[in-house]
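Numbering-wise, the sequence shown is residues 39 to 181 according to the working numbering.
Read the hints as simulated data drawn from the structure, not as lab findings.
Where a beta carbon is used, it is the ideal one built from N, C-alpha and C, also for glycine.
One should not assume that every hint holds.
Heads up, simulated PhoX-like pairs for lysine-lysine below, C-alpha to C-alpha not over 20 Å straight-line [claimed, not checked]:
#	residue 1	residue 2
1	K76	K107
2	K134	K107
3	K107	K93
4	K76	K134
5	K125	K107
6	K125	K93
7	K125	K76
DEER-style ranges, computed between Cβ atoms [said to hold, decoys possible]:
#	residue 1	residue 2	range
8	W54	G119	57 to 65 Å
9	E106	W54	47 to 55 Å
10	E148	D77	18 to 26 Å
11	T152	N84	46 to 54 Å
12	I59	R140	18 to 26 Å
13	I80	I50	38 to 46 Å
14	E135	L55	35 to 43 Å
15	G92	F47	58 to 66 Å
16	R161	Y57	29 to 37 Å
17	R161	E106	22 to 30 Å
18	K93	Y57	22 to 30 Å
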Amino acid sequence: MVGMVLCSFIIIIVFWLRYRILRKLPRKCNSGLDLPIKDLTIDGNNFLAQRLNGKGNYGYFYWQMIAEKLDLFEECRAWEGAENPTKRLLTAYGEKEGSTIRSLIVAVREAELTYFANEIEQRFSITRVQGAHELGHIIGTDV
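With the hints as extra help, turn the sequences into a complete structure.
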């Protein structure tokens, strides 16, 4: 009898912990697509720079096309001689209020660089389902 009560108590605790943790997952807004540009890691910066340092058909660099969509075209003229103008763009954009990976992806799509937008979105996406699945492995249950 005591063993059954103890087992029931443990099951209730596990489900309660699972509920508390899952409830907090969607509130984590400083990761994935909602990550502020200013908080990018070196790896994240390099990933973006590798994609956006190329040149389009009409002679404009991708970073220039994106800078125009982000209202940073005037500032970007000074970056043309820079070693890595995309990193300069990301630094300038990171100083603007509300600059996130998600808003950068919107600008990349508006610049008609859909392929790169999709790559960036895939790289930085962290979905609730992934988080819940990982949590299931941690606490030993399927979510």
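Each hint tested on the structure:
1. K76 / K107: It holds: about 18 Å lies between the C-alpha atoms, which stays within 20 Å.
2. K134 / K107: 14 Å, holds
3. K107 / K93: Given that 20 Å is the threshold and the Cα spacing comes to 16 Å, the pair holds.
4. K76 / K134: 9 Å, holds
5. K125 / K107: At roughly 16 Å apart (the allowed maximum being 20 Å), K107 and K125 satisfy the hint.
6. K125 / K93: With a Cα-Cα distance of about 15 Å, the restraint between K125 and K93 holds, given a limit of 20 Å.
7. K125 / K76: 11 Å, holds
8. W54 / G119: 57 to 65 Å: For W54 and G119 the Cβ distance comes to about 59 Å; the hint holds.
9. E106 / W54: 47 to 55 Å: 52 Å, holds
10. E148 / D77: 18 to 26 Å: Holds, at about 23 Å.
11. T152 / N84: 46 to 54 Å: 22 Å, violated
12. I59 / R140: 18 to 26 Å: Holds, since I59 and R140 (Cβ atoms, about 24 Å apart) stay within the stated range.
13. I80 / I50: 38 to 46 Å: 45 Å, holds
14. E135 / L55: 35 to 43 Å: 37 Å, holds
15. G92 / F47: 58 to 66 Å: 60 Å, holds
16. R161 / Y57: 29 to 37 Å: With Cβ atoms ~31 Å apart, the hint holds.
17. R161 / E106: 22 to 30 Å: 23 Å, holds
18. K93 / Y57: 22 to 30 Å: Distance hint for K93, Y57 is violated at roughly 51 Å.
Violated hints, listed in ascending order, are 11, 18; each of the other numbered hints is respected by the structure.
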